[in-house]
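S.K.: Residue strings, one per chain:
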Amino acid sequence: MLASLDQKLLRDLWRVRGQGLAIAVVMAFGVMLMVMMDGLINSLSETKRSYYERYRLAQVFAPVKRAPKHLLQQISDWPDVTAVEGRINGGALINLPDETIPIRAQAVSLPDYRAPRLNDVYLAEGRRLDPTHKNEILLLQGFANARGIKPGDHLTATLNGTRRSFHVVGLAQAPEFLYTPAPGEIVPDDKRFAVFWMSEDALAAALDMDGAFNEVLLTLPLGANSAHILHQLDQLLMSYGALGAYTLDDHLSNRFISEEIQQLANSNQVVPPVFMGVAAFLLYIVISRMVQSEREQIGLLKAFGYTGWEISLHYLKFVLLIAILGALLGCVLGVLGGRGLSGVYQLYYKFPFLLFRLDPATVISSLLVSIMVACTGAAWVVQRVFALTPAQAMRPPTPTDFSTSLRFGQGLLAKFDQPTRMVLRTLNRHPLKTLMSISGIALGMALSAGMLNVLSAFDRTLAFSFEQVDRSDLNVSFVEPLGPDSLYYLARLPGVLAVEGVRDVPAIFHFGRERYRGAVTALTPAPQLFRALDKHSQPIALPQQGIVLSKALAGQLKVQTGDTLLVDIRQGRRPKLPIQVAAIAETMTGAPAYMDLNALNRLMFEPGRVSGAHLRIDMHYAQDLYAKLKDMPAIASVNLKNQSRQAMEKMMDEGAGATRYVMMIIAAVITFGIVYNSARIAFAERARDLASLRVMGLTKSEAAFVLLGELGIITLLAIPLGCAFGYGLSALISAGFSNDLYQVPVTVVPTAYGSAAIAVLLAALGSGFLIKRDLDRLDLVGALKTRE
Amino acid sequence: MSDSALQNLDLSLPAFAMQGLTKVFGSGPSRVEALRGVDLTIPAAELVVLLGPSGSGKSTLLNILGGLDSATSGSLSYFNLDLAAMDERQLTQYRRQHIGFVFQFYNLMPSLTALENVQLVTEIAESPMDAAEALAMVGLENRQHHFPAQLSGGEQQRVAIARAIAKRPRVLFCDEPTGALDSKTGRTVLNVLQEVNRELGTTILIVTHAASTAAMAHRVIHFADGRISKEVENDQVLSAADIDW
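As they're listed, the protein sequences go chains A and B.
199 is the number that my numbering gives to position 199 of the first sequence; each next residue is one higher, with no gaps.
96 is the number that my numbering gives to position 96 of the second sequence; each next residue is one higher, with no gaps.
A hint or two may mislead.
To be verified - Each pair of labels, with its calculated beta carbon distance range: (1) B:Pro29 x A:Gln297: 21 to 31 angstroms; (2) A:Phe304 x B:Ala211: 32 to 42 angstroms; (3) B:Pro29 x A:Gly343: 27 to 37 angstroms; (4) A:Gln297 x B:Arg31: 22 to 32 angstroms; (5) B:Ser70 x A:Gly754: 16 to 26 angstroms; (6) B:Ala211 x A:Leu5: 37 to 47 angstroms; (7) A:Leu5 x B:Pro29: 24 to 34 angstroms; (8) A:Gln297 x B:Leu9: 26 to 36 angstroms; (9) B:Thr41 x A:Asp776: 29 to 39 angstroms; (10) A:Gln297 x B:Ser183: 42 to 52 angstroms; (11) B:Arg198 x A:Val781: 21 to 31 angstroms.
No wet-lab data here; the hints were simulated from the structure.
Even glycine gets a Cβ: it sits at the ideal position worked out from N, Cα and C.
My request is simple: use the sequences and hints to build the entire structure.
M.R.: This is the structure in structure tokens:
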């Protein structure tokens, strides 16, 4: 049989079930996020680690134009190198019969008679390559699935200007292609970018690489000085056209997944504590109200001989039950959410398997955190239980003393009627409680306002990148830089309205100790189709001398306008050019550096060269034009701007976009939790006052004003504070999530703040409605009988 | 009943007249008959004391007369108005304009000063007295700006009385007004009530356990088991200061 105090506990819990549930839900959200993010971080990093390890992913990559194979032996003799692999990889275009434009692809070599020492592939379907059949390929599984290609199918691809037919014998994945956006894009689109692996001999023949390689892969022993190795590699490969060695940390696919994990870890440190803090505050106000209203019972229990500990334990059990309920609910939701999100992650990160793995330690720690939170909430109150003596407890309480509260200006108060004074004085009597309520709601609102702002700002990013910076319809890139004739040729094609040449050259930027592997994008003077824009979206005139850096690149290199960089061009004669930074351009994706086309060509001693072009076209002729472009061997890729944009929009709608709704719910839950709890407590504390007001002849609405006015003021004060917090949060998100791959803008999007404020107001109105309903049903006689 | 009916009272009639008034709480095994048929007439301007043990029905009657609760059956009129027929809104107006309440535990708003507690009522009444004047009547002219927490029990109860009379109610209901007070303070409070009755002509109903209070009333109603067991009209009314406590 239950002890009588436990009987009381269960009945008390049942009595305040609405509030208890609201608190448990707030706590459950915190635990859910903790469990979900922790699990995801674990699963992603553990899967990544074992995937990398099992398929021997290289730690150093050194692309080069063409280097003889004997260098590999030399490299493997270096003391700090554990494994070396040389391979060939090159751009290709896949021609699918039902696709009007050719699809960009990367061809990667696999050794013919042995397994690759580094960067092996995971065979998902079919079989490995047969070295005796040179036309066999393994195709990237994501692309094959998106295009409905199966082992046994044939496809044609253009390699080095020559169209070849290939036999797909297997579908594969590889750790280096976990995240595979098409070159120059940041969001992967399975349909538009492919990787295929083929016989080294065959690829060497196709790319004119017999006896040579164009990429070195290395692994290093633990603790090796990678900077030294990179330098050594660059020196060794210099005369063979080194493009600059880099470590796995700078590998694009690895960067994306690592950033993702890091960002999850950052969010995990910020968001769940907000929920837990709010839950602790709510528990505190509920339990403190309870102890206050039960002081007589506490006095009685003490008079009977119960110790302070026994009685405190009773109230502690009360909060613990709520906390444990919240934690368990949170764990279940966390596992469900984590499984769901793993699925979303797999749409973008191609792990051969990704199981959402919940570390039991996470469950235990979230349970412990919840218990600690609950105890923190209760601790302040429990000491009041100890302080109460039986005699004191059983005397009617003296009215709350309002003479000691901060005095409002009497002149100001004189302007208000008595009910308004009651509202203001009550808020003012417990400034800390008022402040905590306001901050709690503001934090809830900030979470959603900040996230919504970031998501809305993303729409602006799209508009900025695809409507203001890039105003072309498509862009083409050439296999090799070509002369100005190529642009005239393109301009004469049917449907082409405008052509602007562009030259992208790989480069390494140096400034002080900073180094960045990137590219110089050279644009024609006063370009119309693709422009560098300043922060006011005004075009920047590219100077004859000097370079314009994107904000992201300037940030990476820590340079300002006027500084002089060393630009190490990795193409042609490979000049090392000191160039002054002329201006900083606003960009949302990547970290480009812009120069005037003629200026760059002059510096490279290659006048008139372009590596591609931006085109504006008449859509009526689009199909004809694509067909023509598809047949031009000099063209390495054709990229439709709308397809890139759609890929980004799709990701926002499917993955990150779903977060939008989650954030709205989160704001509403926190606000509702705080507002409803505060209102319920205020109602319970003042039921007798409210009944007295009604007895004196105040109407229901007049009496409700005293209670709901307080709620209204708290909510209204919380909204501007929520906006401020929200702005701060989006600035934090922007700082924490922006990098050289993509930038999260801090632009204030009023609708984001508006939506969050509406969610807060709706939650407040909902609570107000529930409380008003109770107030209307208030039993006047019953309420007056209570002493306190 | 129209709202203006509350303005047009036939003051020649008794303040309250009731016939066969019953009140039943709950049903089935938990059914309690709080009033079992009360017939009573209370003339205007009288000070009436309702005596009886706990649960005898006196507070229930007070609540019904004050418009806080409704009778289960029977008739009840306030001057020429049928109180039983009023809806909730009309009852609110009835309390707002005609009725004052004084409770055992004062029921002051802790966040308002003594003066503001009185103003809470004068702000909504039609022809109230000045709030400071009402406080002066109960001898608290010097405590106007004190919050309830700064006042003694007796002072708080006097503020409650000032608040109740400030609207110039026709009827003042007092439920155990001295229940939480010592005898000296209790006597001061009763004295104030008697003065209000005398000077403003307010009909006062006092519910109390203290039998000695009966000596200061014009009429004493004894309750037992939900019925009137005895009704006494006092020939001689003692001053509150002179009653035995």
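S.K.: Could you work out which of the previously given hints the structure breaks and list their numbers from low to high?
M.R.: Per hint list: 3, 5, 8 and 10 violated.
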